[in-house]
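As a plain string of letters, each chain reads:
2 protein chains.
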Amino acid sequence: MGRPSVKEQLVGRTLGVWIERGFEGASVNDLVAAAGVPKGSFYNHFSSKERFAVEHVNRYVPTLALESLADAPGPFVDAVREHFARLVALRRDGRMEFGCLLGTFSNSATEAYPDLREAVRTSFGQWIDVLTAVLVRARDAGELSTDRAPADVAAALVDGFEGAVARSRATGALDPLDVFLAVTLEELTR
Amino acid sequence: MGRPSVKEQLVGRTLGVWIERGFEGASVNDLVAAAGVPKGSFYNHFSSKERFAVEHVNRYVPTLALESLADAPGPFVDAVREHFARLVALRRDGRMEFGCLLGTFSNSATEAYPDLREAVRTSFGQWIDVLTAVLVRARDAGELSTDRAPADVAAALVDGFEGAVARSRATGALDPLDVFLAVTLEELTR
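In order, the protein sequence lines correspond to chains A and B. At position 142 of the first sequence the residue is numbered 142 (the UniProt record's numbering), and the sequence of numbers has no breaks. At position 9 of the second sequence the residue is numbered 9 (the UniProt record's numbering), and the sequence of numbers has no breaks.
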C-alpha cells in the first residue's frame, strides 16, 4: 500500500472536524491541521472551503449504504428498520462521533454557500427517494397498515433520525437514538 | 419608552446571527455588528461568547410557551398538537428564520463549551418534561390509543420537530415542517 495522496488525507481525516465545529466554525487551518498536510496543499486541491465541504457531502452519501437498502429483499419494512438500526450502531461504536454531516451542515452553513446547500439538499433528496421506493414496495407487499404517503413517511423518518442525532450531541448520550428506533421508526412503519 | 439598554440590544438583535452562523461560526464581531453596539460594550455585559450564548438559550425557552402548554385544558392531545402547530407557524411567518437555537447549538457548539451544552441539554429537558406531563394527562383521560411511554413520545416529537427544522434550513422550504405536523405528530399522538 502506498501513502494516501494529500487529497485523500485531507478528505479522509477531517470528517470529525466538520461534525464537531460545523461549516462556519471549522477553519481551513483546523482542517489542514487535522489532516496533517501543509495549508498550501489545501488550495492545490480545493478552490475554497465550500468546495471541500461539497466533496465531503458527496462522499458522505455512500456511507448511508443506500444501494444495499435499495437492493434489499423483502420484507421491505425490515430493510428500512435495519437501515436505521445500522446508522444508530455506527454512532454507538463512536465511529460517527454522535453527528451527521448533513444535519451539521444544515444547521451551520449560511445562505452565503449555495453550492454546499445544494449538495446537502440533493443528498437528503437521494436518501429520502431510496427510502420512499422501499416503502412503496412494503406498502405494495401489504407490509404496512398505515395509509400515509411513502414519501412523507420517508421524510419524517430522516428528520426524526437527524433530530435524535442532534440531541444526542447536546446531551452526550445515545438515548435519543434509541427512542427514535423504538418509537418513531416503529410507529411510522407499522 | 426609553432606549433599550446595551445588554437588551445585544440579546434582542442577535438571535438571527446565532441561528444563521452557529455557535462557532458567529464571532463576537458579527454579534456586536448585528446589535449595533461597540465591541467594548460586549465584554462589559458578558465575560465570554459562551456566556452570551447561555443567556440566549435561557431566554429562548420562554418563546416555546411551555407554561401555556402546561396549563392547557383538555383535550390534552389537542394542546400538544397546537403547541407544535404554533412553533411551525412562527417559522412560516419568517419570525424564526427557519431555525431553532437549540438545534443550531446542538450541532455547532463543541465539547469545549460545557456551560452552553448544559444550557441546551437543560432546555431540551424542560421542553420534554412539559410535553411528557401533558401526554400523561392525555393518556389518563383516555385520549391516546398508543401505549408508548409518554416521556419517549415527548422526546420523539421534539426530535422530529428539530430534524424537520434542520432540513427546512437546508432546503429553504417549509415542507419538512408540514410533514412533521401531518405524519410524525399525528402518528405519535394517536
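Hints are supplied without guarantee of correctness; some may be wrong.
Keeping only pairs whose Cα atoms sit at most 30 Å apart, straight-line, the calculated DSBU-like set for lysine-lysine is [said to hold, decoys possible]:
{"no.": "1", "chain 1": "A", "residue 1": "Lys39", "chain 2": "A", "residue 2": "Lys49"}
{"no.": "2", "chain 1": "B", "residue 1": "Lys49", "chain 2": "B", "residue 2": "Lys7"}
{"no.": "3", "chain 1": "A", "residue 1": "Lys7", "chain 2": "A", "residue 2": "Lys39"}
{"no.": "4", "chain 1": "B", "residue 1": "Lys7", "chain 2": "A", "residue 2": "Lys49"}
{"no.": "5", "chain 1": "A", "residue 1": "Lys39", "chain 2": "B", "residue 2": "Lys49"}
{"no.": "6", "chain 1": "B", "residue 1": "Lys39", "chain 2": "A", "residue 2": "Lys49"}
{"no.": "7", "chain 1": "B", "residue 1": "Lys39", "chain 2": "B", "residue 2": "Lys49"}
{"no.": "8", "chain 1": "A", "residue 1": "Lys49", "chain 2": "A", "residue 2": "Lys7"}
{"no.": "9", "chain 1": "B", "residue 1": "Lys39", "chain 2": "B", "residue 2": "Lys7"}
Since the hints were derived computationally from the structure, they do not count as laboratory data. Model, not experiment: these values are computed from the prediction.
Consistency of the hints with the structure:
1. A threshold of 30 Å between alpha carbons decides the hint, and for Lys39(A) with Lys49(A) the separation of about 12 Å falls inside it, so the pair holds.
2. Our distance criterion of 30 Å between C-alpha atoms is met by Lys49(B) and Lys7(B), whose separation comes to about 13 Å.
3. Between the alpha carbons of Lys7(A) and Lys39(A) the distance comes to roughly 12 Å, so the proposed pair stays at or under 30 Å and holds.
4. Distance check on the hinted pair: Lys7(B) and Lys49(A) sit about 34 Å apart at the alpha-carbon level, beyond 30 Å; violated.
5. A distance of roughly 28 Å separates the Cα atoms of Lys39(A) and Lys49(B); the hinted pair therefore holds under the 30 Å criterion.
6. Restraint check for Lys39(B) and Lys49(A): satisfied, since their Cα atoms lie roughly 28 Å apart, inside the 30 Å limit.
7. A threshold of 30 Å between alpha carbons decides the hint, and for Lys39(B) with Lys49(B) the separation of about 12 Å falls inside it, so the pair holds.
8. Note on Lys49(A) and Lys7(A): the hinted pairing holds, with a Cα-Cα distance of about 13 Å set against a maximum of 30 Å.
9. Proposed proximity of Lys39(B) and Lys7(B) is supported: the alpha carbons are some 12 Å apart, at most 30 Å.
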